[in-house]
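Peer 1: Between the sequences and the hints, there should be enough to build the whole structure, so can you do that?
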Amino acid sequence: MLFSFLISGRDTHLKFLADNRIFTTDFVFEELQLHQEVISQRTKLLPDKFQQFVLTVFERVTVVPNLLTSTQSYYQAFMLCRDIDPKDTDYVALSIQLDIPLLTRDKPLADGLRTKSFKNIITLEELFRQLDEPDSTNQPNEHYPSPRTSPSTD
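Using the UniProt record's numbering, read the sequence shown as starting at 1 and increasing by one per residue.
Calculated directly from the structure, the hints in this document are not laboratory data.
A few of these clues could be false.
[Said to hold, decoys possible] In silico PhoX-like cross-links for lysine-lysine, where the CA-CA straight-line distance does not exceed 25 Å:
#1 119 / 107
#2 107 / 87
#3 49 / 15
#4 15 / 44
#5 116 / 87
Peer 2: In structure tokens, the structure reads:
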């Protein structure tokens, strides 16, 4: 999710981050470093605007060190993710540890976790659809947990 926000450079994404408390693991820095060239090439912003946008995004996201995730939460996440996408284990572990919904753009991850009875997950598409519903009170339901506090994956 953060990668798509960085690439798009949209002010609506900054508003979303200002209106919701988003958590991510420190693993996000490894992923950013690994994909920094692609992000820089695909961004819609000029370099100086991009730099300011990235700084603003990370002012609004809480990065939680992995050392705060218990072995039990990490093991549970590993068992859930090992045959779906092991690189998302840290994010799922943080969701379990903090008991907050996992927000992701990764539909195969969401579907795979749901088939394993992990329900505390919402895709960005589902979230925006829920927020756009005219009768929506923006209250969580059994399919779409509240995004107010959420670790994010990409």
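Peer 1: Next step is simple, just say for each hint if it's right about the structure.
Peer 2: Hints versus structure:
Only pairs whose Cα atoms come within 25 Å are accepted, and residue 119 paired with residue 107 is accepted, the gap being roughly 13 Å. At most 25 Å may separate the alpha-carbon atoms for a hinted pair to count; residue 107 and residue 87 meet this at roughly 15 Å. For the suggested pair residue 49 and residue 15, the alpha carbons sit about 16 Å apart, so the restraint of at most 25 Å is met. Restraint check: the Cα-Cα separation between residue 15 and residue 44 comes to about 18 Å, which is no more than 25 Å; the hinted pair holds.
Distance hint between residue 116 and residue 87 is fulfilled; the C-alpha atoms sit about 17 Å from each other, no more than 25 Å.
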